[in-house]
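Engineer: From first to last, the protein sequence lines stand for chains A and B.
The first sequence begins at 1 in our numbering and counts up by one.
The second sequence begins at 1 in our numbering and counts up by one.
Keep in mind the hints are simulated off the structure, nothing from the lab.
What you are looking at is a predicted structure, and each value in this text was computed from that prediction instead of being measured.
Watch out, some of these pointers could steer you wrong.
Copies of one chain are not kept apart here, so a pair can be met inside one copy or by any two copies together.
Said to hold, decoys possible - Taking lysine to aspartate or glutamate and the DMTMM-like style, the derived pairs with C-alpha atoms no more than 25 Å apart in a straight line are:
1. LYS224 <-> GLU287
2. LYS224 <-> GLU292
3. LYS224 <-> ASP282
4. LYS344 <-> ASP274
5. LYS224 <-> GLU286
6. LYS130 <-> ASP274
7. LYS224 <-> ASP274
8. LYS224 <-> GLU259
9. LYS73 <-> GLU286
10. LYS73 <-> ASP105
11. LYS137 <-> ASP274
12. LYS224 <-> GLU66
Number of protein chains: 2
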Amino acid sequence: MRSIVWSNNCLTLLNQTLLPTRLEYIECHDWQRVAEAIRRLEVRGAPAIGAAAAFALVLGAGELTELAMPEFKEKVTQIASVLRQTRPTAVNLFWAIGRMLTVLDQMAGNTDTNAAITALEQAAIAIAEKDRAVNEKMAVHGASLFTKPTAVLTHCNAGALATVAIGTALGVVCKAWEQGNITQVFADETRPLLQGARLTAWELMQAGIPVTLITDNMAGWVMKNNMVQAVIVGADRIALNGDVANKIGTYSVAVLAKEHGIPFYVAAPSSTFDFTINSGADIPIEERCATEVTSLGGNCVAPQGVNVFNPAFDVTPNNLVAAIITEYGILRTPYSQAISQLVKQCK
Amino acid sequence: MRSIVWSNNCLTLLNQTLLPTRLEYIECHDWQRVAEAIRRLEVRGAPAIGAAAAFALVLGAGELTELAMPEFKEKVTQIASVLRQTRPTAVNLFWAIGRMLTVLDQMAGNTDTNAAITALEQAAIAIAEKDRAVNEKMAVHGASLFTKPTAVLTHCNAGALATVAIGTALGVVCKAWEQGNITQVFADETRPLLQGARLTAWELMQAGIPVTLITDNMAGWVMKNNMVQAVIVGADRIALNGDVANKIGTYSVAVLAKEHGIPFYVAAPSSTFDFTINSGADIPIEERCATEVTSLGGNCVAPQGVNVFNPAFDVTPNNLVAAIITEYGILRTPYSQAISQLVKQCK
Chain A
1 MRSIVWSNNC LTLLNQTLLP TRLEYIECHD WQRVAEAIRR LEVRGAPAIG AAAAFALVLG
61 AGELTELAMP EFKEKVTQIA SVLRQTRPTA VNLFWAIGRM LTVLDQMAGN TDTNAAITAL
121 EQAAIAIAEK DRAVNEKMAV HGASLFTKPT AVLTHCNAGA LATVAIGTAL GVVCKAWEQG
181 NITQVFADET RPLLQGARLT AWELMQAGIP VTLITDNMAG WVMKNNMVQA VIVGADRIAL
241 NGDVANKIGT YSVAVLAKEH GIPFYVAAPS STFDFTINSG ADIPIEERCA TEVTSLGGNC
301 VAPQGVNVFN PAFDVTPNNL VAAIITEYGI LRTPYSQAIS QLVKQCK
Chain B
1 MRSIVWSNNC LTLLNQTLLP TRLEYIECHD WQRVAEAIRR LEVRGAPAIG AAAAFALVLG
61 AGELTELAMP EFKEKVTQIA SVLRQTRPTA VNLFWAIGRM LTVLDQMAGN TDTNAAITAL
121 EQAAIAIAEK DRAVNEKMAV HGASLFTKPT AVLTHCNAGA LATVAIGTAL GVVCKAWEQG
181 NITQVFADET RPLLQGARLT AWELMQAGIP VTLITDNMAG WVMKNNMVQA VIVGADRIAL
241 NGDVANKIGT YSVAVLAKEH GIPFYVAAPS STFDFTINSG ADIPIEERCA TEVTSLGGNC
301 VAPQGVNVFN PAFDVTPNNL VAAIITEYGI LRTPYSQAIS QLVKQCK
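Work out the full structure: start from the sequences and follow the hints.
Structural biologist: Spelled out as structure tokens, the structure:
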């Protein structure tokens, strides 16, 4: 199962809003459809959004072959600006677009826009390929944290669907499972959009890993009853001090893990780190529409007109994080120091 | 709006499973229909369940007028046994049935079953009337905890719908609101059955109290952002040491409140205390069917056949509880001592 496939100038996305009841693909032939897919969460997960946006730029550039290089570059940059605005929190989106614009800059002296398009396509493919390699390295590093049979809890979906390859947090889980060190996974359903119920539970069942679905408010009780020994989640953006933005509810899970003496692990590639911000206070938190909370599958589950607060993400402070698993290895507190080191490795 | 009305040998229940989209009443003319309503959660909330079960016994007794007193008593006791098995966690159910059987015992010397039925009906009415008076007293005591404008968070529904009168936790909120000391209420939606979204938000909107609906996993983030200054919930059973069984998710909210230095209050009448158990470890936790988690309003939201853990309640240990509001006043730690005193007052 692949969530993102690039072939013949078409980006095929597995429509994640319809899972697990329907397995449908969206064929994107223009960049606007990809932007829409990101906004609607048809493609989601920080690394997957980054790769999708890179391919969207390739599609956009492909429509501009008639233009001379200066106009071509200007138009592609405009498309990049629109793509940047599709989701505000996940930094991989900005990272991938930044990479693509760097490639564009390097081609600016060239007058052949077709050569620029080819270079952009190669860059987008490289971003996707890199995600695959990075996932595999993270899985290997992360699995080393599990040295005996362990039941883990996860929140939202940081699996194959969220990335181009085997996933961040779930990639680690899969590797540790292969090594005999996962007994089962408790999946928080993750309201409002139920990525845990719809995607994580589904992915784990497909992989043959025992999974138990719970509502988000059961996580504390599961910990209290010693039913899990570790928590592992993905991330949408990590600050220089190690503060972690991730799906709403992650912060509560981290506090509960602390209360129960359970390690709280984050698995995220270096592209999820934002080296320009010092702490989580600088991370913009996307607020989404009320209907995500008040309705479900078209059914209204709350009174008409009720006031709703619907932040899509929250920030877990670094002191609640036992370790951050990256493709370069495992980061531990003090995170400022570990992340300074990471900055150097990424250059 | 009354959730339970007794009139002319008919118990009318507001069907809480259909709110807020449909306002429908169920007319129960026999005890079996009441038992079904309790099982299906058409009537819910610890005090309301107690009152409903008492009236169910009156309906059951009313069908047995042909019998001689010994058989009458035996049959009524059998009905009581069935009613006791409708829900395992809320103690008010057992408390109310116990009260009714005591009345039955007192009438056992009498040969006139009609007199016994009248006595049972009066006892059931007294249970409902007592709930009304108790709610009012709790509201007055509880409101004294709010001495300045405060935003509160609540979980599940402990309002008029859960009781015969104005509610336990929400009764306190209403009274404190009248006194100008509530700025707004954050209502956890309370998965899986969404009592917060469907019932609490609706009740507060009807009462004109500002309410903001959130998913359960947002409670920690709301606290982290200083958006609430107190938590108040109801209870289904309280042990002698002050451990509190309440709707699943309450324990997580209590841990989060502790992390943020926010007081966690419980409002519960003395009938919610189980004077026979020393701690929360002795409280049976009802587990309900998987479909409550895997579907919503008939829509499947999880993969077919996924394993589910669905406890309906959890236990919050006494050390996380800042105060328990009862009709006799406010209990504080050490709870064993405060509850010993309560036992004497209840005699």
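Engineer: Hint by hint, note whether the structure agrees.
Structural biologist: Now for the hints, and whether the structure bears them out:
Taking the closest pair of Cα atoms, LYS224 and GLU287 come within 25 Å of each other only across two copies (16 Å); inside a single copy the shortest separation is 31 Å, beyond that limit. In this homomeric assembly, LYS224 and GLU292 come within 25 Å of each other (Cα to Cα) only across copies, at 22 Å, whereas the closest approach inside a single copy is 30 Å. For the homomeric pair LYS224 and ASP282, the shortest alpha-carbon distance between copies (15 Å) is at most 25 Å, but the shortest distance inside one copy (33 Å) is not. Only within a single protomer do LYS344 and ASP274 lie at most 25 Å apart by alpha-carbon distance; the minimum there is 13 Å, versus 62 Å between protomers.
For a Cα distance limit of 25 Å, the shortest separation of LYS224 from GLU286 across copies, 17 Å, qualifies, whereas the shortest one inside one copy, 31 Å, does not. With identical chains, the CA atoms of LYS130 and ASP274 are at most 25 Å apart within one copy only, with a shortest distance of 18 Å there and 60 Å across copies. Only between protomers do LYS224 and ASP274 lie at most 25 Å apart by alpha-carbon distance; the minimum there is 22 Å, versus 34 Å within a single protomer. For a Cα distance limit of 25 Å, the shortest separation of LYS224 from GLU259 qualifies both inside one copy, at 9 Å, and across copies, at 16 Å.
Taking identical chains as interchangeable, the C-alpha atoms of LYS73 and GLU286 are never at most 25 Å apart, the minima being 30 Å within one chain and 63 Å between chains. Within a single copy, LYS73 and ASP105 get their C-alpha atoms as close as 8 Å, which meets the 25 Å cut-off; across copies the closest is 91 Å, which misses it. Only within a single protomer do LYS137 and ASP274 lie at most 25 Å apart by alpha-carbon distance; the minimum there is 20 Å, versus 55 Å between protomers. Neither within a single protomer nor between protomers do LYS224 and GLU66 lie at most 25 Å apart by alpha-carbon distance, with minima of 64 Å and 53 Å respectively.
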